[in-house]
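> Protein chains in written order, with the numbering used here: chain A, 1 to 459; chain B, 1 to 459.
Calculated from the structure, these hints are not laboratory results. Everything hinted at is true.
Each computed DMTMM-like pair below joins lysine to aspartate or glutamate, with the alpha-carbon atoms no more than 25 Å apart: (1) B:384 <-> A:177; (2) B:402 <-> A:327; (3) A:4 <-> B:326; (4) A:377 <-> B:155; (5) A:76 <-> B:80; (6) A:402 <-> B:280; (7) B:175 <-> B:355; (8) A:402 <-> B:327; (9) A:4 <-> B:61; (10) A:377 <-> B:269; (11) B:9 <-> A:117; (12) A:76 <-> B:96; (13) A:255 <-> A:204.
Protein chains: 2
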Amino acid sequence: MAQKPSIPKGTRDFNPEQVAKRNYIFNTIQGAFETFGFQPIETPSFENSDTLMGKYGDEGDRLIFKILNSGDYLSKADEEAYNEKDSNKLTSSISEKALRYDLTVPFARYVVQHQNEIEFPFKRYQIQPVWRADRPQKGRFREFYQCDADAVGSDSLWQEVEFIQLYDSVFSALKLDGVTIKINNRKILSGIAEVIGASDKLIDFTVALDKLDKIGEEKVKQEMLDKGIPQSGIDKLQPLFSIKGDFESQIRSLKTILSTSEEGKKGIEELAFIDNATSELGLKTAKLQLDVTLARGLNYYTGAIFEVSAPEGVKMGSIGGGGRYDDLTGIFGMPNMSGVGISFGLDRIYLVLEELGLFPETVSKSVEVLFINFGEKEALFSLKAIKALRAEGVNAELYPDKAKMKKQMTHANRRDIPFVVLVGEEEINSNKYALKDMEKGIQEKVSLEVLISTIKKKS
Amino acid sequence: MAQKPSIPKGTRDFNPEQVAKRNYIFNTIQGAFETFGFQPIETPSFENSDTLMGKYGDEGDRLIFKILNSGDYLSKADEEAYNEKDSNKLTSSISEKALRYDLTVPFARYVVQHQNEIEFPFKRYQIQPVWRADRPQKGRFREFYQCDADAVGSDSLWQEVEFIQLYDSVFSALKLDGVTIKINNRKILSGIAEVIGASDKLIDFTVALDKLDKIGEEKVKQEMLDKGIPQSGIDKLQPLFSIKGDFESQIRSLKTILSTSEEGKKGIEELAFIDNATSELGLKTAKLQLDVTLARGLNYYTGAIFEVSAPEGVKMGSIGGGGRYDDLTGIFGMPNMSGVGISFGLDRIYLVLEELGLFPETVSKSVEVLFINFGEKEALFSLKAIKALRAEGVNAELYPDKAKMKKQMTHANRRDIPFVVLVGEEEINSNKYALKDMEKGIQEKVSLEVLISTIKKKS
Chain A
1 MAQKPSIPKG TRDFNPEQVA KRNYIFNTIQ GAFETFGFQP IETPSFENSD
51 TLMGKYGDEG DRLIFKILNS GDYLSKADEE AYNEKDSNKL TSSISEKALR
101 YDLTVPFARY VVQHQNEIEF PFKRYQIQPV WRADRPQKGR FREFYQCDAD
151 AVGSDSLWQE VEFIQLYDSV FSALKLDGVT IKINNRKILS GIAEVIGASD
201 KLIDFTVALD KLDKIGEEKV KQEMLDKGIP QSGIDKLQPL FSIKGDFESQ
251 IRSLKTILST SEEGKKGIEE LAFIDNATSE LGLKTAKLQL DVTLARGLNY
301 YTGAIFEVSA PEGVKMGSIG GGGRYDDLTG IFGMPNMSGV GISFGLDRIY
351 LVLEELGLFP ETVSKSVEVL FINFGEKEAL FSLKAIKALR AEGVNAELYP
401 DKAKMKKQMT HANRRDIPFV VLVGEEEINS NKYALKDMEK GIQEKVSLEV
451 LISTIKKKS
Chain B
1 MAQKPSIPKG TRDFNPEQVA KRNYIFNTIQ GAFETFGFQP IETPSFENSD
51 TLMGKYGDEG DRLIFKILNS GDYLSKADEE AYNEKDSNKL TSSISEKALR
101 YDLTVPFARY VVQHQNEIEF PFKRYQIQPV WRADRPQKGR FREFYQCDAD
151 AVGSDSLWQE VEFIQLYDSV FSALKLDGVT IKINNRKILS GIAEVIGASD
201 KLIDFTVALD KLDKIGEEKV KQEMLDKGIP QSGIDKLQPL FSIKGDFESQ
251 IRSLKTILST SEEGKKGIEE LAFIDNATSE LGLKTAKLQL DVTLARGLNY
301 YTGAIFEVSA PEGVKMGSIG GGGRYDDLTG IFGMPNMSGV GISFGLDRIY
351 LVLEELGLFP ETVSKSVEVL FINFGEKEAL FSLKAIKALR AEGVNAELYP
401 DKAKMKKQMT HANRRDIPFV VLVGEEEINS NKYALKDMEK GIQEKVSLEV
451 LISTIKKKS
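Sequences and hints are given; from them, build the entire structure.
Take a look at the structure:
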């Protein structure tokens, strides 16, 4: 092989520093999930194709990675499709498995399959990679992690309140102050559509409304007109476009707009409950904001809708989102399993922390001390000290070869190892260690005890 | 969908307890890897097919899961193969990617691809799943994790010494006392083959020898005869079959047998060095044993060969293994990258810990305290305490619904939650919490401070 090997487009290698930074985010999220009472599950990387296909729309189906059957897979190929050379039609006869596309459908499958072992209400979290045959672009990959937490088997609005606390906890722990947790409610959108006489065009209406930030009021109105929403209805929307201010004043405006819609009023009630409880409990660093234009995943969500945006000044799409659904598992024949869930966008959070310089300095700390190798006797003496250091949780190693001193010191420098220990005959005889602080450039002879405590103090 | 959904054969769902136990093992291994100076990398789940194909032999190639190309994949299908309906021949034209089969080939690819960014010697660890289309059977899965540590870019035997320390550290930390770290050296096997005049039959010879434990001396000899090794050579092997005793006495026997083989003597020297250093450094709970029949992965290994077996009395294959290789990256055009690596068998270690009851009791501890939900006012009061508990790292939650008390208590019982807190009007007024220790069945009224300290003490 003459060419340097490469990896498939849209995939990534992670070097030690990147892994350490990613793990810092994962561990923070996982720690918060656990203090909030969520429990981990894991599902296989690939599922039976019929578990996944047809759950994400036609576009989703196309983006699912299919796994070719093993062995003589053509022997079972659909003959008609084969003769017609119809890729689409052939697939299901030569591929029975597919890589998971998200964590929600596998979770639904898990709940149905294990319903008799699960104690409901069930709060699960899941942090695993998913795969999508999307066109790769900046910040969009073919393999990426999802970090999901869901609580199923209860309608209680306390869970929405809890998820807001959870977002606040995670982003505060990451020192990412000032994120905005945007909230809306499907019932508000339904109510508005009802009021303007566009109940049958709820999706068109919300898709247009969702673009308000991006394309502005006039273009949103035009799109609604184009979709067949009457001008009279759009006129009634005017107060909506001018809704401003804090949560409470927005609620007051909505009460006026939605006074004739039972569903709309229910939505207002839910939002008010969540807002009140959140005010009582307080948020550490995040703020909660009502955003009546928020409509993500509307086909799916039936109550609260969440989206988290990065602190002002950081250009980045949403770094988290979620919502309440009435029917997680109906697709697998188990009706009425309602719940609410949120997700964290690992890759985007990573980019934001990087941009703002928020990764702790110690996050990619690898080896804390390197022992220079001066030969067999010295190496053995060193390894005894290294063993003691490791027992104290210090990351320590011996340079494996008796190379030139300069080469070994350069190695320590290139790897940003903060301490180097030099052990020669004199040190062995006096049972001491020459400890060099690489940053300060200071070297001193110390006992094993002082060696350990000095290095531990710095780490 | 009428039928309950299922998962592909050979794959597994993991419930919260299983995830917690697996993470306990992962974290222990990872912690040891890091104190020993290994750094994490991660590679994509799928690689370009030409990175993987042809690296594991014909059988390996068959067991690699191939990913079907997206879109109209048949438009690029090899015409001849298509017309002949030859699955094997067709594959490469309709599938460009494949799931990784192990972590070694991706690591080799990584080293070559990133050689200019890597500071050698490079010690990396990698804990990720791999996939094999093997026939599933007890303890063998189609998706499973590998936990590998390798040190490349140095010939130093100190690394072998270090890997033995690493095995000892991990199994001691897991409280799995009494594992045996078996060691051999390819040069010993080559030397023996040379001495008995079967240098050209090294693989046949070692494959037969490797079966000594399973099929016994006579059958091993018969197999060697069948493979064309002369009786005179097999006679010379006799001392080998009767090699017994500790490391030093085995070394002495080998010195006699291999006195005429330069390569054999080099192997003895290496083994003696490793044994001496290990004796000097000591092992916490493992023991090191020379096993001249050990030959795993011989095609690959050029020096030390390791295998770890579970403590006596536990029926289980090897729970770890590894060895030294001269040429990790030659397959990708980068010669002379020598190194040594070991692997931990997660699934088997799990089974052994389970069998011996060695998982710590707290490993699957999930929620430590559940607050009973008596209504809105009580729930809000409770959530304030829950927030304080979580800030102290306690896993706490509120039952989401105002259900019957009995139902909520049953929920706590079924989930083995050790503490339950009951907050009614009286508690709110006196700013106290009724804390019930579910195990002892004792209930007492306490302040928030005592509530926190009591629960923390037990966890």
